Amino acid sequence: MEAIEDDAAIVAVVKAGGESAYRTLVERHGRNVFRLAFRMTQNEQDAEDVVQETFLRAYRNIGSFRVESSFGTWLYRIAANCSLDFVRARERRRTNPMPETDVFPAPHPEPERLAYSGELRDRIASALGELSPMERAAFSLRHFDGLSIDEISRRLGPSGGAIKNSIFRAATKLRQALEPVLSGATR
Amino acid sequence: MKHLKEEQLVLHYYGEGEDPAGITAHLMDCEDCRQAFARFESVLNAVAEEPLPERDEAYGAEVWRRLAPRLPETVKPEWSFFPRWSWAPAMTAAVALLVTVAFFAGRASNERRVPPAVASASPAERERVLLIAVGDHLDRSQVMLMEIVNARGGRALDMSDGRAAAEDLLDANRLYRQTAASSGDETVTSMLDELERVLLEIAHSPDALSRKDLDGLRERLEAKGILFKVRVAGTRIRDRERGEASAPKNNL
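Chains as they are written, first to last, in my numbering: chain H, 1 to 187; chain B, 188 to 439.
Think of the hints as simulated: they come from the structure by calculation, not from any bench.
Given the structure is predicted, the values throughout are model-derived calculations rather than measurements.
Be aware that a few hints might be false.
Claimed, not checked - Only pairs whose alpha carbons sit at most 30 Å apart, straight line, appear in this in silico DSSO-like list of lysine-lysine:
| id | chain 1 | residue 1 | chain 2 | residue 2 |
| --- | --- | --- | --- | --- |
| 1 | B | Lys-192 | H | Lys-15 |
| 2 | B | Lys-399 | B | Lys-416 |
| 3 | H | Lys-173 | B | Lys-189 |
| 4 | B | Lys-411 | B | Lys-399 |
| 5 | H | Lys-173 | B | Lys-192 |
Unchecked claim - Part of the chain H face toward chain B, derived, beta carbon under 7 Å:
| id | residue |
| --- | --- |
| 6 | Arg-23 |
| 7 | Phe-38 |
| 8 | Val-51 |
| 9 | Leu-178 |
What the hints assert, rightly or not - Here are the simulated distance ranges between beta carbons:
| id | chain 1 | residue 1 | chain 2 | residue 2 | range |
| --- | --- | --- | --- | --- | --- |
| 10 | B | Phe-415 | H | Arg-77 | 26 to 32 Å |
| 11 | H | Asn-165 | B | Ala-368 | 56 to 62 Å |
| 12 | B | Leu-387 | H | Thr-73 | 37 to 43 Å |
| 13 | H | Glu-91 | B | Ala-368 | 16 to 22 Å |
| 14 | H | Arg-77 | B | Glu-194 | 24 to 30 Å |
| 15 | H | Glu-119 | B | Pro-256 | 16 to 22 Å |
| 16 | H | Arg-90 | B | Thr-374 | 53 to 59 Å |
For every residue, glycine included, the Cβ atom is placed at its ideal position computed from N, Cα and C.
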């Protein structure tokens with residue numbers, strides 16, 4: 001749960017020129033920003049860059065933050081926009097690397113399940129990599145974090161209807177990519 | 188029988204669909220829809236673990252280490268006499284009020300009922316916010332006193348901005364002193380008490396200080412050693428703030 005009033009007090013100190021107070025906000029929200037950035041960029045280094053850019057943008061624009069809002073939600077929106085900018089720039093450069101499957105190594109794979117679980121894991125990573133950044137973010141926040149569609153809408157910006165569509169498209173793409181592997185395993 | 192749309196099946200899986208009872212009833216009656224739902228269910232259940240690189244508790248500190256050197260370039264205002272206050276009149280006192288209210292609200296909530304999210308912040312976190320705020324207050328006070336001590340020129344010194352700054356700091360100082368006293372921190376209380384008297388004198392100075400008046404003010408400031416005391420107290424507070432992050436303390 002976010003300590004909203006506490007964040008608001010710190011933001012007020014930062015607004016008054018207390019740069020060092022910003023450290024508390026960075027330490028408190030850094031990991032969540034990274035998680036969202038990684039989900040949207042699917043690249044660890046890009047996610048790190050997004051984290052830095054997000055906190056820079058937030059700092060530059062902290063004067064426009066309204067104290068009655070949630071700082072975390074405001075920051076998430078900035079992170080989502082930063083991530084989209086990074087992904088679009090990467091696509092323009094056409095140097096978009098495939099998701100690094102060795103980022104998610106199985107720590108102790110059992111020999112008899114190695115082939116199937118390895119293929120499934122690769123397919124999942126690959127299928128998630130094929131989603132658009134918004135589909136990936138909306139799906140991940142719903143599927144992995146269990147956030148409601150309303151909450152996802154508040155954090156990412158698009159309407160609830162648009163978030164529903166993103167989740168539906170993501171689920172459909174995942175089904176198309178994974179069904180052959182799953183049905184093969186049950187034969 | 189009208190079949191369910193795939194979108195309805197996905198939303199139903201996540202418990203976000205409209206008329207969940209109706210959809211459940213339909214799934215019991217309709218073999219086609221039941222199979223379609225089972226296919227989605229099978230796939231989504233398989234995507235059980237989030238493929239996400241781990242970041243530990245120290246990650247935020249690492250982000251800050253890389254971020255901090257870049258921050259001053261983005262928002263640091265141009266230098267001017269009494270630079271911090273011209274754009275934020277009365278902000279300092281408002282911040283002090285907000286921080287102290289949050290501090291005491293959190294304490295009260297621990298003793299009695301537990302209202303909103305103030306209570307969700309731990310005592311250590313509230314102490315840390317207060318330490319940060321007092322540290323910043325002392326930094327500002329130090330900057331203002333240095334501006335006065337180092338003011339140059341043979342003409343009278345315009346004190347209108349400085350006086351407003353001192354009034355602003357004075358209000359904040361009272362709140363922090365009361366908070367420190369309530370916390371039982373005699374050292375900080377005593378230092379803030381001394382600072383308050385200096386701020387009071389500056390806040391009540393005339394619009395323009397003659398060379399002679401300015402020299403007199405400087406002599407009084409130097410005799411009290413207030414600038415040195417504020418600097419030392421600020422450093423100690425910063426040290427405690429750093430210590431608070433790893434080993435929370437009870438007092439201010």
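* Checking against the hints above, which ones are violated? -> When the structure is compared with the hints, numbers 1, 10, 13 and 15 turn out to be violated.
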